[in-house]
Amino acid sequence: MSGPALPVTQALQALGDWLWPAARELPPPVVERARRLWLDTAACAWAGLQAEEPARWIALQAQGDAGAVPLPGCPTRLAASAAATGFALAACWDEACEGLALAHGRPGVPVVAALWTQVASLRPAWQALWQATAVGYEVAARLGARLRIRPGMHVDGVWSAFGAAAALVHLRGGDWACAARALETCAAQLPFSLYRPVREGANVRNLYLGHSAWLGLQAGQAALAGLATPQGCIDDFAALALDPTQAGGWPAPGEWLILQSYWKPFAAVRHVHYGAQAALRLRAQAGSALPDEVRLTVYPEALQYCANRAPRTPLAAQFSLSHGVAAAWVHGDLSPAEFRAPRFMDEAVRALEQRVEVVADAQAFPGATRGAHLRVRRGDRTWQVEQGPVAGDGGLQPDEAAVMAKFRQFTGGDAAMARWAHRLRSQDAQAPALLPDLGA
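For the sequence shown, UniProt numbering begins at 1 and goes up steadily by one.
Derived from the structure by calculation, the hints contain no laboratory data.
Everything numeric in this text was worked out from a predicted model, so none of it was measured.
For glycine and all other residues, C-beta sits at the position ideal for the given N, C-alpha and C.
Do not take every clue at face value.
Quick list of the computed label-pair ranges, beta carbon to beta carbon [claimed, not checked]:
#	residue 1	residue 2	range
1	T245	E301	18 to 26 angstroms
2	G287	A125	50 to 58 angstroms
3	H104	E52	28 to 36 angstroms
4	P28	P389	20 to 28 angstroms
5	A125	R378	50 to 58 angstroms
6	A401	D292	34 to 42 angstroms
Let the hints inform the model, and build the full structure from the sequences given.
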């Protein structure tokens with residue numbers, strides 16, 4: 001008798017049959033996107049590590065898990081597992097990191113976090129780093145597209161570890177069979193992460209991706225060490241923890257999903273960016289004086305996820321359409337600084353946020369259309385603008401100047417990070433990869 005059907009396991013085998021050989025010679029656009037992912041994620045981690053809570057977390061980790069792995073913009077070195085966790089925690093701190101709409105999450109952050117910890121000890125070639133990055137991204141992206149969470153769960157703590165596990169195995173020379181064992185090892189112990197911290201503005205949510213990076217690192221090492229794991233754990237997890245009736249599609253092998261990844265020009269979740277960009281456009285026309293009335297019209301999904309009003313914590317503000325408009329108008333930007341003291345509690349932002357009326361209009365934004373309409377009034381004058389895609393959306397990818405401008409802003413013009421970025425972008429693919437403070 002044949003065993004039970006294992007649809008995800010079988011789909012993964014077909015993916016591995018394509019992915020491992022395909023990664024030997026990556027298409028140039030995939031290499032460029034992997035480089036961008038590293039630049040952007042490292043810059044986001046640098047910015048996140050300047051916040052008080054991540055800095056304190058790193059200091060506590062160093063008391064028991066000091067090691068050889070440096071972190072962006074941080075003098076403390078940690079052991080690999082702690083460093084991977086801290087890197088991912090910091091990278092998503094300001095909600096300015098990458099994502100993939102198809103997966104409803106961030107396949108790349110744990111991949112970069114886990115691989116970052118291996119660079120100093122393995123000294124892989126840049127090419128090997130891009131190959132492992134692409135492999136991890138493709139695995140996580142497809143599992144993210146397939147494994148849809150239940151209401152009340154948070155996506156960051158579920159499938160994100162898979163990419164880190166596959167990437168680690170690839171970087172260390174393992175084959176697809178080894179990677180498949182690492183994925184099953186992840187699935188056997190995936191966390192059931194909750195959305196409640198986001199609803200209540202609790203930034204412990206940022207630890208979810210850190211845990212994913214840690215678990216991927218551990219699972220990859222377990223598979224490489226020969227620890228046994230059965231097939232079917234991923235399918236078991238999908239059946240027991242998720243809602244099988246809501247399972248998403250499975251993108252066929254042969255398509256590089258990393259090319260669909262988005263880049264964020266601002267901090268805060270993607271839904272907030274359309275109103276913020278509209279506010280910046282109108283501010284350029286009307287001046288920075290506060291409007292008397294503000295009306296923001298958005299697509300329904302944006303209001304569903306980002307309806308927070310008068311947010312009292314940075315995380316709550318990152319999920320607030322009204323705060324994004326107000327902060328962008330008052331400060332002329334929506335960067336990590338807008339979610340730190342003193343700007344975060346700025347009285348002008350608070351006052352303007354209360355004036356922002358937010359409505360959803362499914363007819364104005366049919367189907368998967370995203371964008372915003374912003375109308376403001378000051379005295380007897382009115383300004384309005386229609387905002388479509390923003391930089392990083394499909395069909396509107398940022399040019400290198402925009403990517404590097406964000407990198408410099410998020411890293412505070414740090415000289416070591418700038419030298420590292422130059423080497424990452426310009427060195428031969430066979431040159432050994434380096435981290436920022438290892439002679440970069």
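**Asked** What hints, given by number in increasing order, does this structure fail?
**Response** none
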